[in-house]
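Next come the chains, spelled out residue by residue.
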Amino acid sequence: MLEGKQDGHVFKLPKVILLAKNITNVELEKAKAAGFADTVIMKPMRASMAAACLQQVLGIGKKRQAGKDMLNGSPVLQGLLCGKKILVVDDNMAHQRVFAGALKKFGAAVECRESGKAALKLLQLPCCFYACFMDIQMPEMDGFEATHPIRMMESKANEQMNGGMDEDSGRKGWMDVSKPFEEENLYQAVAKFFKSTRSNCFT
Amino acid sequence: MERNPMRRQLAIMRQSLFDQGHVDEQFVQLEELQDDANPNFVEEVVTLYYRDSARIILNIEQALERKPFDFRKLDAYMHQFKGSSSSIGAKKVKAESTLFREYCKSGNGEGCMRSFHQLKKEYATLRKKLGAYFQLARQAGPVETASRPK
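Protein chains in written order, with UniProt numbering: chain A, 1 to 203; chain B, 1 to 150.
I should point out that these hints are in silico values taken from the structure, not numbers from a laboratory.
None of these values were measured; they are calculated from a predicted model.
One thing to keep in mind: the hints can contain errors.
A few chain B positions that, by computed beta-carbon distances, are all more than 10 Å from chain A [what the hints assert, rightly or not]:
no., residue
1, Met6
2, Phe18
3, Arg51
4, Pro68
5, Gly83
6, Glu102
7, Ser106
8, Gly107
9, Arg114
Below, in silico cross-link-like pairs of lysine-lysine (DSSO-like), each with a Cα-Cα straight-line distance of 30 Å or less [unchecked claim]:
no., chain 1, residue 1, chain 2, residue 2
10, A, Lys104, B, Lys129
11, B, Lys121, B, Lys67
12, B, Lys92, B, Lys67
13, A, Lys117, B, Lys121
14, A, Lys85, A, Lys117
15, A, Lys121, A, Lys85
All C-beta atoms in this analysis are idealised placements derived from N, C-alpha and C, irrespective of residue type, glycine included.
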């Protein structure tokens, strides 16, 4: 989570994680150019993958465990996600349900929305969501389009913080996950990614 | 080893879903999310899937009635459908979806019709099998302990 503190003002913006069944080069370039989301993960997002991803998001450098173990719950992960609000955005109800189920296993308070538009209403500042998982490919407003306003908010917040332009805001972590993807590769990519974004966080 | 005969029957049914290639590993992921707090999780997700996907199937059917075929649209619908099917681990249905998409990409209308026909068959078969499975699961009652095969 990105947090800024200055003169008692706190801007909390959720990490945005995009989910894609497959991503064409065109889409990837588009996403990189815009620097919208924090990361992209390939679907289907398995429950065990959600756990792996979250562990990395939270910077817990644990060794990868078998899917079963992860779900039965790293107590650390359980503790960290407990009560945290996470937003899942996917126009596919079954997928939404599976993903929310996985996150709830770790004690997260999950809200689901079916569209980018609906999600945006919840992602206005001040924002109480810890993280947001969003499907890239949705009708009306896809994941890219939905994260744009979030990044605009972030960039505005950064400007206020730094009293000037924030060069980084447009270029923050785009994580490139290529297909076919192996859980191990994703795990490493996510770990690497979040290590680097942490250094961009300001407190 | 299940002592309860219903549970045994259930285990056999479940195994055959995998052995016959109807479902894949993703189905196991769903089962792992089922617990005391969510005792019917798998059935609920599958129900959502059939509800969602019925709409997509209808869209495809309607699109196939319009000549000439709009392959781009057909492919887009099937892409959605395939994603949906992945989320419950519907293996055979997913395979047919892939085939359909290949026919779309090569502009093969005949191929599309054939594979869509096959897809609907697999889709219906899966629904029947899962329906029977969930019905038995409800009759058999809740599991006492987590049932990963040892």
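Right, here's what the structure says about each hint:
In this structure Met6/B is separated from chain A by more than 10 Å, as the shortest Cβ-Cβ distance comes to about 25 Å. A cut-off of 10 Å between C-beta atoms confirms that Phe18/B is not in contact with chain A; the least separation is 16 Å. The beta carbon of Arg51/B sits about 7 Å from the closest Cβ of chain A, which is not more than 10 Å, so the claim that it is off the interface is violated. Look at Pro68/B: its CB is around 24 Å from the nearest CB on chain A, clear of 10 Å, so calling it non-interface holds up.
With a minimum CB-CB distance of about 5 Å to chain A, Gly83/B fails to clear the 10 Å threshold, and the non-interface call is violated. Listed as a non-interface residue, Glu102/B keeps its Cβ farther than 10 Å from every Cβ of chain A; the least gap is roughly 14 Å. Residue placement check: Ser106/B keeps its beta carbon more than 10 Å from all beta carbons of chain A (closest about 18 Å). Residue-level check passed: Gly107/B sits 19 Å from the nearest beta carbon of chain A, beyond 10 Å.
Distance check on Arg114/B: its Cβ is at least 24 Å (rounded) from any Cβ of chain A, clearing the 10 Å threshold; non-interface status holds. For the hint pairing Lys104/A with Lys129/B, the CA-to-CA distance comes to about 29 Å; that is within 30 Å, so the pair holds. The suggested pairing of Lys121/B with Lys67/B holds, with an alpha-carbon distance near 23 Å, which does not exceed 30 Å. Taken as a hint, the Lys92/B and Lys67/B pair is honoured in the structure, with Cα atoms around 28 Å apart against an allowance of 30 Å.
Annotation: proposed proximity of Lys117/A to Lys121/B is violated, straight-line Cα distance about 36 Å (limit 30 Å). Only pairs whose Cα atoms come within 30 Å are accepted, and Lys85/A paired with Lys117/A is accepted, the gap being roughly 19 Å. For the suggested pair Lys121/A and Lys85/A, the alpha carbons sit about 15 Å apart, so the restraint of at most 30 Å is met.
Checked against the numbered hints listed earlier, the structure breaks hints 3, 5 and 13; every other hint is satisfied.
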